[in-house]
Amino acid sequence: GAGVSQSPRYKVAKRGQDVALRCDPISGHVSLFWYQQALGQGPEFLTYFQNEAQLDKSGLPSDRFFAERPEGSVSTLKIQRTQQEDSAVYLCASSTYREDLGGYTFGSGTRLTVV
Amino acid sequence: AQRVTQPEKLLSVFKGAPVELKCNYSYSGSPELFWYVQYSRQRLQLLLRHISRESIKGFTADLNKGETSFHLKKPFAQEEDSAMYYCALEGWGAQKLVFGQGTRLTINP
Chain A
96 GAGVSQSPRY KVAKRGQDVA LRCDPISGHV SLFWYQQALG QGPEFLTYFQ
146 NEAQLDKSGL PSDRFFAERP EGSVSTLKIQ RTQQEDSAVY LCASSTYRED
196 LGGYTFGSGT RLTVV
Chain B
93 AQRVTQPEKL LSVFKGAPVE LKCNYSYSGS PELFWYVQYS RQRLQLLLRH
143 ISRESIKGFT ADLNKGETSF HLKKPFAQEE DSAMYYCALE GWGAQKLVFG
193 QGTRLTINP
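Each protein sequence line maps, in turn, to chains A and B. For any residue, its number in this note's numbering is found by taking its place in the first sequence, counting from 1, and adding 95. For any residue, its number in this note's numbering is found by taking its place in the second sequence, counting from 1, and adding 92.
Calculated from the structure, these hints are not laboratory results. Certain hints may be false.
[To be verified] The calculated lysine to aspartate or glutamate pairs, modelled on DMTMM-like cross-linking and capped at a C-alpha distance of 25 Å, are:
hint : chain 1 : residue 1 : chain 2 : residue 2
1    : A       : Lys-109   : A       : Asp-151
2    : A       : Lys-106   : A       : Glu-180
3    : B       : Lys-114   : A       : Asp-158
4    : B       : Lys-165   : B       : Glu-112
5    : B       : Lys-149   : B       : Glu-172
6    : B       : Lys-149   : B       : Glu-171
7    : B       : Lys-114   : B       : Glu-159
8    : B       : Lys-101   : A       : Glu-180
9    : B       : Lys-107   : B       : Glu-124
10   : B       : Lys-107   : B       : Glu-159
11   : A       : Lys-109   : A       : Glu-147
12   : B       : Lys-157   : A       : Glu-139
13   : B       : Lys-101   : A       : Asp-158
14   : B       : Lys-107   : B       : Asp-173
15   : A       : Lys-152   : B       : Glu-159
[Claimed, not checked] Sample of chain B residues with no beta-carbon within 10 Å of chain A, all distances over it, derived:
hint : residue
16   : Pro-110
17   : Lys-157
18   : Asp-173
C-beta: ideal position from N, C-alpha, C; glycine also.
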């Protein structure tokens, strides 16, 4: 596709439930990022992949958060035993490696609400 | 620690008036700085970046290392400029952006 695609657009989860959020980056984009955006805040970095390698996961808030990109294209962000504080918009972004310094293409995001 | 501060959560100006959205940063080295914009019901997109020294949609931003600022300016605001604006920093060698909290700009007719 022409852009970064994320699914689902909206997800309501009961506290304690596991969720999986999907990101389909622009074809050929080597770098893939996940950001978390709480209400009224700017996006905060979660993790970064270069191809299938997860090079930075320093932003993952707890061991309940797990991300993978097994074939270097589609990525999944998994949150286990969701808590209310996990409610946020989860943004995925992709870019070509270093050629587009900071010029990431963002998806529309998945809005997660934990009730 | 890397930090980006946008002191104004809301900014409202009249059409045709000058606009300045403030951004200050904290970083020990030489960062790369960006402005991202999110129009209503659209995704976050890059507006401009410091290294390009471009003017996009009439907006410019100058990096002031002495004041550690990267304010976004436009001489004559237009109604279509109404949006959420985020300043962001990328540290040298770091593959991640640090965002400010954002400023919601409203242009009144």
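> Between Lys-106/A and Glu-180/A, does the CA-CA distance stay at or below 25 Å?
Replying inline: Roughly 14 Å separates the two Cα atoms, so the pair holds.
> Is the straight-line distance between the alpha-carbon of Lys-165/B and that of Glu-112/B 25 Å or less?
Replying inline: 4 Å, holds
>> So if I understand the rule, the pair passes when the alpha-carbon distance is 25 Å or less; does Lys-109/A with Glu-147/A pass?
In response: With Cα atoms ~31 Å apart, Lys-109/A and Glu-147/A exceed 25 Å; violated.
> Within 25 Å, alpha carbon to alpha carbon, are Lys-107/B and Glu-124/B?
Replying inline: With Cα atoms ~31 Å apart, Lys-107/B and Glu-124/B exceed 25 Å; violated.
> Under the criterion that the straight-line Cα-Cα distance not exceed 25 Å, is the pair Lys-149/B, Glu-171/B satisfied?
Replying inline: Status holds; Cα separation ~12 Å.
>> Hint check: Lys-152/A vs Glu-159/B, CA-CA at most 25 Å. Holds or violated?
In response: 32 Å, violated
> Far enough from chain A: is every CB of that chain over 10 Å from the CB of Pro-110/B?
Replying inline: 24 Å, holds
> Hey, Lys-149/B versus Glu-172/B, does the alpha-carbon distance stay inside 25 Å?
Replying inline: Given pair Lys-149/B, Glu-172/B holds - Cα atoms ~10 Å apart, limit 25 Å.
> CA of Lys-157/B to CA of Glu-139/A, is that 25 Å or under?
Replying inline: Measuring from Cα to Cα gives roughly 24 Å; hence the hint holds.
> Is the Cβ of Asp-173/B more than 10 Å away from each Cβ in chain A?
Replying inline: The claim holds: Asp-173/B sits with its nearest Cβ about 19 Å from chain A, beyond 10 Å.
>> Lys-114/B and Asp-158/A were given as a pair; does the straight-line alpha-carbon distance stay at or below 25 Å?
In response: Between Lys-114/B and Asp-158/A the Cα gap is close to 36 Å, so the pair fails against 25 Å, i.e. violated.
> Per the stated criterion, does the least C-beta distance between Lys-157/B and chain A lie above 10 Å, as a non-interface residue requires?
Replying inline: Fine: 18 Å to the nearest Cβ keeps Lys-157/B off the interface.
The structure fails to meet hints 1, 3, 9, 10, 11, 13, 15 from the earlier list, while all remaining hints are met.
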